[in-house]
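Given chain A, put chain B in place with the hints provided.
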Amino acid sequence: EAQVTQNPRYLITVTGKKLTVTCSQNMNHEYMSWYRQDPGLGLRQIYYSMNVEVTDKGDVPEGYKVSRKEKRNFPLILESPSPNQTSLYFCASSPWTSGGQETQYFGPGTRLLVL
Amino acid sequence: GENVEQHPSTLSVQEGDSAVIKCTYSDSASNYFPWYKQELGKRPQLIIDIRSNVGEKKDQRIAVTLNKTAKHFSLHITETQPEDSAVYFCAARDNYGQNFVFGPGTRLSVLP
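Protein chains in written order, with my numbering: chain A, 1 to 115; chain B, 1 to 112.
Same shape as in the complex, but just chain A (with noise of 0.2 Å):
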């Protein structure tokens, strides 16, 4: 089954405690992405990736880091979570076609709380 799969779906976790949500997909898409979501805001970039070793920001990269080493994982990682980072995290995938990545392909959501 073609599919983008995070984990944790839930995390609790403290101010400064290191932390990587997982993001996986099987349907050898060339382009990943990761959004946050929070009320009233919808879905903003964090960071991108168009292919293995290439990555770059997207409207809210502060906090955050990620690596595509291999093309079907793109982790998203938070050296030092705050609380201003509780949200629900999206990682999504899409092909890359000529006019560019379109149809985008999410997964089921990282629900973080930062105490």
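For the record, the hints were derived by calculation from the structure and aren't laboratory data. Some clues are possibly wrong.
[Unchecked claim] Subject to a maximum C-alpha distance of 27 Å in a straight line, what follows is the list of computed DSSO-like cross-link-like pairs (lysine-lysine):
hint: 1; chain 1: A; residue 1: Lys57; chain 2: B; residue 2: Lys37
hint: 2; chain 1: B; residue 1: Lys71; chain 2: B; residue 2: Lys22
hint: 3; chain 1: A; residue 1: Lys65; chain 2: B; residue 2: Lys42
hint: 4; chain 1: A; residue 1: Lys71; chain 2: B; residue 2: Lys42
hint: 5; chain 1: B; residue 1: Lys42; chain 2: B; residue 2: Lys22
hint: 6; chain 1: A; residue 1: Lys57; chain 2: B; residue 2: Lys42
hint: 7; chain 1: A; residue 1: Lys57; chain 2: B; residue 2: Lys71
hint: 8; chain 1: B; residue 1: Lys71; chain 2: B; residue 2: Lys37
hint: 9; chain 1: B; residue 1: Lys57; chain 2: B; residue 2: Lys71
[Unchecked claim] Chain A is nowhere near these chain B residues, computed Cβ spacing over 12 Å in every case:
hint: 10; residue: Val20
hint: 11; residue: His76
hint: 12; residue: Leu111
As the structure is a prediction and not an experimental result, all values here were calculated from the model. No residue lacks a Cβ here, since even glycine has one placed at the ideal position from N, Cα and C.
Quick look at chain B alone, frame taken from chain A:
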């Protein structure tokens, strides 16, 4: 960079009525505009999209229209049903084809 506004933020309609959600974008070079539906506790899922060389697209009860001159696009849902209740997001893709900017979302409630 691109900025996408979306209105209304909430919308309640009676079952069977039509619903219209409107988005405006700022970058005239944006060329692809998808709409996503997010049910409570679920992930966003694409329901319809439109490219800048097309003015209208329909898929059963759902249609999207695009006015490039005015830089706005709209989602139209006809004969609404309770299962249409969800949050709807519009988005615009930048000219380089790399990034989407999403609107803040519209919570649609279809009342039986």
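Structure-based check of each hint:
{"no.": "1", "hint": "A:Lys57 <-> B:Lys37", "result": "holds (25 Å)"}
{"no.": "2", "hint": "B:Lys71 <-> B:Lys22", "result": "holds (11 Å)"}
{"no.": "3", "hint": "A:Lys65 <-> B:Lys42", "result": "holds (25 Å)"}
{"no.": "4", "hint": "A:Lys71 <-> B:Lys42", "result": "holds (25 Å)"}
{"no.": "5", "hint": "B:Lys42 <-> B:Lys22", "result": "holds (23 Å)"}
{"no.": "6", "hint": "A:Lys57 <-> B:Lys42", "result": "holds (26 Å)"}
{"no.": "7", "hint": "A:Lys57 <-> B:Lys71", "result": "holds (26 Å)"}
{"no.": "8", "hint": "B:Lys71 <-> B:Lys37", "result": "holds (22 Å)"}
{"no.": "9", "hint": "B:Lys57 <-> B:Lys71", "result": "holds (16 Å)"}
{"no.": "10", "hint": "Val20", "result": "holds (19 Å)"}
{"no.": "11", "hint": "His76", "result": "holds (20 Å)"}
{"no.": "12", "hint": "Leu111", "result": "holds (22 Å)"}
In summary, the structure agrees with every hint in the numbered list given earlier.
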